[in-house]
Amino acid sequence: MTSPTPVATSVTLEGVHKQFGRFAALNGVSLEIAAGELLALLGPSGSGKTTLLRIIAGLEFPDRGEVRFGDQAVTFAHAAERGVGFVFQQYALFKHMTVAKNVAFGLDVKKGPDRPDAKARATRVDELLKLVELDGLGDRYPSQLSGGQRQRVALARALAVAPRILLLDEPFGALDATVRKTLRRELRRLHDATGLTTVFVTHDQEEALDLADRIALLNGGRIEQVGAPATVMDRPASAFVAGFVGQSNALTGEVRGGVFTYLGATLPATDLLDGPATAFVRPDQLAPATVDETGFPVRLQRATPRGPLLWLDAVTPQGQPIELAVARGGAAQLEQGADLRLTIRDAHLFAAG
Amino acid sequence: MSGARRGTTDDPLWARFGLIAIVTAFVGFMLVLPLVAVFAQALAKGVQGSLAALADPDALSAIRLTLVTAAIAVPVNTLIGVCAAWAIAKHDFPAKSVLISLIDLPFSVSPVVAGLAYVLVFGLQGWFGRWLDAHRIKIVFAAPGIVLATVFVTFPFVARELIPLMQAQGRDEEEAAVSLGADGLTTFLRVTAPNIRWGLLYGVLLCNARAMGEFGAVSVVSGHVRGLTDTMPLQVEILYNDYDMVGAFSVAALLCLLAVATLVLKTALERLQPQLSDPIALQKTRLRA
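Protein chains in written order, with our numbering: chain A, 1 to 353; chain B, 1001 to 1289.
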């Protein structure tokens, strides 16, 4: 490619605070994003993840704290000077311009010697459209494209200025499930091809787990945990992470003398003090109890076969819904309305409250 | 749309015809009839008589003053209106709702009050009267006063048209432009302006129609110096009070024609708009050309 090779840069956030009126969107966020990394900002709505992304982009400025790209402080640098590519949730394509004009915009508005000549701009646009697999659609208008195609135009437009960092706000939020999966692969491919530092915001844990090198979990304007997908899944740092990542059942019981008890089911809890505690139990960590195992009672409501697993919806006598997955076959007694006891094989335990 | 098919929202036949009859009768009686009367009266002595009335020096001077006033007031209000809409729609600041209400003030306050207010501020007995007189600047009872009063009365048109439009469009496209390295002016010219052009044009046309037709506020600050500070609406009143029916109605007919021309232009633009903003239709138009 004749295009300028973008140089990936690391991003450092230090003690970033942001207040909107009385609402504290960010409450002292510190985060290191390595050069060339693909990082997901994951959290429920209102957790501050989009605000954080916009602060990195320079579309919002922090009340306190610092933002650095490499060793360069950019906390209050204007968005236009940051060299950041931003893909908006609703794409924000320029409606009155063709696809090619949209992609060329960042090059067209450059000034002086930085501005490539018309031929170089056209070549670059062609390259980018090829990169996002939209070659030949340069003359269309955004209104003539499907959602997935618009998303690709937005990506190409952001990449045109050879940014150091690519930022995406809920990049797949407005797409249907099948397109979403394809574009997810696509983004990974683009990231690997360009080697850019890429940060995307999502509320969909599956998307984050599937796509990102590392995940930063946000809740209430704070970072709860930063780690690789497997780490976040297997070693959640807080009750929030355990509850948000993975489809865990949250069972609130009691710890006494190093043993957690929930409706008769027990689990060793050596590092917790006595008192109320919550066990986050994934569907595959529950199983029908054998005679010599402890267990809690449930009534089965529905059994849905899914691949090699049988997914069971059950409910405790207290009315709490429980979801579990067991291997199919050899479980003849698992039919609707059956009463059984479930044992907790493993769980993430956190003191409640 | 097929006329033959009856939808669930169709009213019964008698209601449909009743509604259409009432509205047509009302519009005919209240709007068309007076309009016809104006032109009939203007042409009472034939086209020649009407043209002669318009060629009168005082009438010509009134026409000139009206056009000059509109030529100043409309651009001023377009510029300020765009600024106000931009500030309100794309930025957050304290007392924003107060500003929005203030923009509506010229719509709700009587134009006579506006005229009087300018007399109080700029008149000889007013706050700046002494200073202005000492510097031989005449505002009230002169053309500047008429322009000021017209600016006041027509201020809301452009801003009112643009604020909801720009609010609905949000800031996304502008933010995208900025993050791609565009400066403020480039962003406005290449992203914002194309998105608001139709609303802007509509606001300008309405603003212009009102600027040429304003009577109340202008009447107070004008002082009615014939051949100097009379605009077309004022001239109509003077001629009418002089029992010069042909003269009065000729000027009135010209005012009507200006208004009708504005509305025709507006309608034409509205018809053009879906075509121009629809890329497929636009491409077809280009291919044909």
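Any given hint could be a false lead.
[Unchecked claim] In silico lysine to aspartate or glutamate, EDC-like type, Cα no more than 20 Å apart, as pairs:
| no. | chain 1 | residue 1 | chain 2 | residue 2 |
| --- | --- | --- | --- | --- |
| 1 | A | Lys101 | A | Asp139 |
| 2 | A | Lys101 | B | Asp1183 |
| 3 | A | Lys101 | A | Glu60 |
| 4 | A | Lys111 | A | Glu133 |
| 5 | A | Lys101 | B | Asp1104 |
| 6 | A | Lys101 | A | Asp117 |
| 7 | A | Lys130 | A | Asp192 |
| 8 | B | Lys1045 | B | Asp1056 |
| 9 | A | Lys110 | A | Asp126 |
| 10 | A | Lys110 | B | Glu1270 |
| 11 | A | Lys95 | B | Glu1270 |
| 12 | A | Lys110 | A | Glu133 |
| 13 | A | Lys111 | B | Asp1172 |
| 14 | A | Lys95 | B | Asp1172 |
| 15 | A | Lys119 | A | Glu81 |
| 16 | A | Lys181 | A | Asp210 |
| 17 | B | Lys1266 | B | Asp1244 |
| 18 | A | Lys95 | A | Asp114 |
| 19 | A | Lys181 | A | Glu206 |
| 20 | B | Lys1045 | B | Glu1270 |
| 21 | B | Lys1090 | A | Glu60 |
Keep in mind the hints are simulated off the structure, nothing from the lab.
Right, here's what the structure says about each hint:
no.: 1; hint: Lys101/A / Asp139/A; in the structure: holds (9 Å)
no.: 2; hint: Lys101/A / Asp1183/B; in the structure: holds (17 Å)
no.: 3; hint: Lys101/A / Glu60/A; in the structure: violated (27 Å)
no.: 4; hint: Lys111/A / Glu133/A; in the structure: violated (29 Å)
no.: 5; hint: Lys101/A / Asp1104/B; in the structure: violated (39 Å)
no.: 6; hint: Lys101/A / Asp117/A; in the structure: holds (15 Å)
no.: 7; hint: Lys130/A / Asp192/A; in the structure: holds (16 Å)
no.: 8; hint: Lys1045/B / Asp1056/B; in the structure: holds (15 Å)
no.: 9; hint: Lys110/A / Asp126/A; in the structure: holds (18 Å)
no.: 10; hint: Lys110/A / Glu1270/B; in the structure: violated (35 Å)
no.: 11; hint: Lys95/A / Glu1270/B; in the structure: holds (19 Å)
no.: 12; hint: Lys110/A / Glu133/A; in the structure: violated (25 Å)
no.: 13; hint: Lys111/A / Asp1172/B; in the structure: violated (23 Å)
no.: 14; hint: Lys95/A / Asp1172/B; in the structure: holds (12 Å)
no.: 15; hint: Lys119/A / Glu81/A; in the structure: violated (25 Å)
no.: 16; hint: Lys181/A / Asp210/A; in the structure: holds (10 Å)
no.: 17; hint: Lys1266/B / Asp1244/B; in the structure: violated (33 Å)
no.: 18; hint: Lys95/A / Asp114/A; in the structure: violated (26 Å)
no.: 19; hint: Lys181/A / Glu206/A; in the structure: holds (11 Å)
no.: 20; hint: Lys1045/B / Glu1270/B; in the structure: violated (38 Å)
no.: 21; hint: Lys1090/B / Glu60/A; in the structure: holds (14 Å)
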